[in-house]
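Which chain is which? The protein sequence lines are A and B, in order. Using the numbering used here, the letters of the first sequence map in sequence onto residues 1 to 261. Using the numbering used here, the letters of the second sequence map in sequence onto residues 262 to 650.
Hints may be right or wrong, so weigh each one.
Here are the simulated BS3-like cross-link-like pairs (lysine-lysine), alpha carbons at most 25 Å apart as the crow flies [claimed, not checked]:
#, chain 1, residue 1, chain 2, residue 2
1, B, K579, A, K191
2, B, K278, A, K197
3, B, K407, B, K305
4, B, K644, B, K579
5, A, K197, B, K465
Pulled from the structure, derived: some chain B residues nowhere near chain A, Cβ distances all over 12 Å [stated by the list, open to error]:
#, residue
6, Y264
7, G313
8, N333
9, A337
10, L364
11, A442
12, G460
13, K461
14, V539
15, S576
16, Q625
17, N631
18, G639
The hints are simulated quantities; they were obtained by calculation from the structure and are not laboratory data. Where a beta carbon is used, it is the ideal one built from N, C-alpha and C, also for glycine.
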Amino acid sequence: MNIVVTIKQVPDAANVRINPETKTLVREGVDSMMNPLDAYALEEGVRLKEKFGGKVTVVCMGPPMAEAVLREAISLGADEAVLLSDRAVAGSDTLATSYALSQTISKLGAFDVILGGKQAIDGDTAQVGPGIAVNLDIPQVTCVRKIREYADGKMVVERMTEEGYDVVEVTLPAVITVVKEINEPRIASLKGKMAAKRAEIKVMSAADIEADLTRLGLKGSPTNVVEIFSPEARKGGVRIEGEPDVQAKTLVASLKEAQLL
Amino acid sequence: MNYFLTETEQMIKETAKEVAEKYIKPVRAEYDEKNEFAWEVQEKIAEAGLCGVYIPEAYGGICAEGQMGIMNLVVAVEELSKVCGGISLGLAATALGTIPLILFGNEEQKKKYLPAIAAGEKLAAFALTEACAGSNAGGIQTTARKEGDYFVLNGTKQWITNGNVAEMYTVIAMTDKARGARGATAFLVDKGTPGFSFGKKEDKMGIRASSTYELVFEDCKIPASSILGKEGHGFLSAMKTFDMSRPGVAAQALGIAAGALEDAVDYARSREQFGKPVISNQGLRFLLADMAMKVETARAMVYATARSIDSGDRSCSKESAIAKCYASDVAMQVTTDAVQVYGGYGYMREYPMEKRMRDAKITQIYEGTNQIQREVIGQCLIKEAASKK
Numbered sequence: 001m002n003i004v005v006t007i008k009q010v011p012d013a014a015n016v017r018i019n020p021e022t023k024t025l026v027r028e029g030v031d032s033m034m035n036p037l038d039a040y041a042l043e044e045g046v047r048l049k050e051k052f053g054g055k056v057t058v059v060c061m062g063p064p065m066a067e068a069v070l071r072e073a074i075s076l077g078a079d080e081a082v083l084l085s086d087r088a089v090a091g092s093d094t095l096a097t098s099y100a101l102s103q104t105i106s107k108l109g110a111f112d113v114i115l116g117g118k119q120a121i122d123g124d125t126a127q128v129g130p131g132i133a134v135n136l137d138i139p140q141v142t143c144v145r146k147i148r149e150y151a152d153g154k155m156v157v158e159r160m161t162e163e164g165y166d167v168v169e170v171t172l173p174a175v176i177t178v179v180k181e182i183n184e185p186r187i188a189s190l191k192g193k194m195a196a197k198r199a200e201i202k203v204m205s206a207a208d209i210e211a212d213l214t215r216l217g218l219k220g221s222p223t224n225v226v227e228i229f230s231p232e233a234r235k236g237g238v239r240i241e242g243e244p245d246v247q248a249k250t251l252v253a254s255l256k257e258a259q260l261l
Numbered sequence: 262m263n264y265f266l267t268e269t270e271q272m273i274k275e276t277a278k279e280v281a282e283k284y285i286k287p288v289r290a291e292y293d294e295k296n297e298f299a300w301e302v303q304e305k306i307a308e309a310g311l312c313g314v315y316i317p318e319a320y321g322g323i324c325a326e327g328q329m330g331i332m333n334l335v336v337a338v339e340e341l342s343k344v345c346g347g348i349s350l351g352l353a354a355t356a357l358g359t360i361p362l363i364l365f366g367n368e369e370q371k372k373k374y375l376p377a378i379a380a381g382e383k384l385a386a387f388a389l390t391e392a393c394a395g396s397n398a399g400g401i402q403t404t405a406r407k408e409g410d411y412f413v414l415n416g417t418k419q420w421i422t423n424g425n426v427a428e429m430y431t432v433i434a435m436t437d438k439a440r441g442a443r444g445a446t447a448f449l450v451d452k453g454t455p456g457f458s459f460g461k462k463e464d465k466m467g468i469r470a471s472s473t474y475e476l477v478f479e480d481c482k483i484p485a486s487s488i489l490g491k492e493g494h495g496f497l498s499a500m501k502t503f504d505m506s507r508p509g510v511a512a513q514a515l516g517i518a519a520g521a522l523e524d525a526v527d528y529a530r531s532r533e534q535f536g537k538p539v540i541s542n543q544g545l546r547f548l549l550a551d552m553a554m555k556v557e558t559a560r561a562m563v564y565a566t567a568r569s570i571d572s573g574d575r576s577c578s579k580e581s582a583i584a585k586c587y588a589s590d591v592a593m594q595v596t597t598d599a600v601q602v603y604g605g606y607g608y609m610r611e612y613p614m615e616k617r618m619r620d621a622k623i624t625q626i627y628e629g630t631n632q633i634q635r636e637v638i639g640q641c642l643i644k645e646a647a648s649k650k
């Protein structure tokens, strides 16, 4: 089974700041990490490999420093890593990114499934996974919480919905994006870390993936960011103390006061 | 302080720390309370690849040919013990049972056991102590009678760490009682061998998440090929093993002390009395400073001894004894003081400090009491002085 996992390097969520002038995230001096949901996708890929054989190739688009998340992916069980890194892709929105990643994946040979996190923690768009599927003209199932079966070139998966889940049968190759309910990612093993240190990270350029340059970077990105801001931190709630009947009375009184009752 | 850890040692440290924080911390109180071996954590320690850090590469571990990996073991055990000095014994006591095999085993024996131990699929244990043979290892009563191509074991081993959970037991038994210490032989015995059973499960003061059992041998027949090293060399093998394994116990003690110090400093900074953090009182700062001095000097001694062993030093009895004795005395002092820093909270089961104090105590007792360690050091001093003349 040939498994491709797409991975994004994101700023450590705890200390993200925004440059109000450029409306972009300040990346200088902020630690980077693997997008958390991509870690679940990687874990699922490694588990599929352990069960059915084959290999896991991780693919990332980003600056040269994004090599770090690819090494981390190898320490967590990936076999090969590819970094698409080129000035031509800088400033890509989700449309351009989906195109660039699908071009990269198409140069890696046949595959059975592409796994990715449902969305990235920084942009939160959840568009790149589906975008890759459209570009490669293959089926997609998003928000998958369980891969039930894999046989005869098909997978049966559970897709999370607001009320519960759908059971979907999908013909492979396909794109599957996952939610955190799907597994519990392992920690990197000692041997994994050693392998990661020695691993060769294949770096590809826009030329290597034979991309149409007009579809990359700012040129290929129709998205226009109008405003970007940090939402105000939610204030803590009020804890109502006392016996149940006192609590109930206090609650009703304060709801009335707020004119909610 | 920079101890110039190699890249590999650094990776071991980080991995062990991650395992400890993620998998040990949430369950340590529960296993301590239940007096039960933490299999779920042991599996994570195995998956993380920590079980093979002191085992040669040729048998599935990560040590280069002919090199001991005591420093690797020390780094791993220290990190695990910072969080729980009981759960860390799954690894540390397996090392004690396995080091004699690495030192004295033949190719066939190593191939049979080491890969599974390195992968963490099997644990090991070392069985020397008996009811009447503790510090005086020469007083062993368990016998191994030769019958053709077999030996027949009879006797009871006591307080065996990893008892019942281990698959491979290094057992010291008398093959020739008349010859005293020179009549002892080391054997490798598999769990499940007919005639080999487990007696009492011990209910201990500390390290309660480790499994401590009696081993009972009743006409237990084992093939002659299970002799480890040479017949009659059992006592010597045990002593050589202890020289190499004592840094492991020292690392457990060091970890317990270091974990206590770390938590005590955090607590003293956050606990407020009289409108200010208690650490702003010089009296308490001085106490913490003394604890820090002890922990750091213990670490320096343990690391230096481990490095010396790894570099090929085979006459390390004195240093090994100093490291074990010093680090374990430090563990007892520092955990006692850490409970003091926590005040009333320190005395309560709900907080992790009183457990550390209970866990620390054993490190002054097992693998040779600290009185025996001082005896070893003293004897070495005499030998060194005598050889100068």
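Tested hints:
Restraint check for K579(B) and K191(A): not satisfied, since their Cα atoms lie roughly 34 Å apart, outside the 25 Å limit. Proximity of K278(B) to K197(A) is assessed by CA-CA distance (about 19 Å); at most 25 Å being required, the pair is judged to hold. Simply put, K407(B) and K305(B) have alpha-carbon atoms about 41 Å apart, too far for the 25 Å limit, and the pair is violated. Between K644(B) and K579(B) the alpha-carbon distance is near 11 Å, which keeps this suggested pair within the 25 Å criterion.
Between the alpha carbons of K197(A) and K465(B) the distance comes to roughly 43 Å, so the proposed pair goes past 25 Å and is violated. With a least CB separation of 19 Å from chain A, Y264(B) remains clear of the 12 Å interface cut-off, as annotated. Its beta-carbon lying about 8 Å from the closest one in chain A, G313(B) breaks the requirement of being farther than 12 Å from that chain. The Cβ of N333(B) sits about 9 Å from the closest Cβ of chain A, inside the 12 Å cut-off, so the non-interface label is violated.
Against the 12 Å criterion, A337(B) falls within the reach of chain A, whose nearest CB is about 9 Å from its own CB. No Cβ of chain A comes within 12 Å of the Cβ of L364(B); the nearest lies about 23 Å off, and the non-interface call holds. The Cβ of A442(B) lies farther than 12 Å from every Cβ of chain A, with a closest approach of about 39 Å, so its non-interface assignment holds. At roughly 36 Å from the closest C-beta of chain A, the C-beta of G460(B) stays outside 12 Å, upholding its exclusion from the interface.
With a least CB separation of 36 Å from chain A, K461(B) remains clear of the 12 Å interface cut-off, as annotated. A cut-off of 12 Å between C-beta atoms confirms that V539(B) is not in contact with chain A; the least separation is 27 Å. The claim that S576(B) is not at the interface with chain A holds, since no C-beta of that chain comes within 12 Å of its own (minimum 31 Å). The beta carbon of Q625(B) sits about 31 Å from the closest Cβ of chain A, which is more than 12 Å, so the claim that it is off the interface holds.
No Cβ of chain A comes within 12 Å of the Cβ of N631(B); the nearest lies about 33 Å off, and the non-interface call holds. Against chain A, the non-interface label of G639(B) holds: every CB pair exceeds 12 Å, the least being about 39 Å.
Violation of the numbered hints given earlier is confined to hints 1, 3, 5, 7, 8 and 9; the remaining hints are satisfied by the structure.
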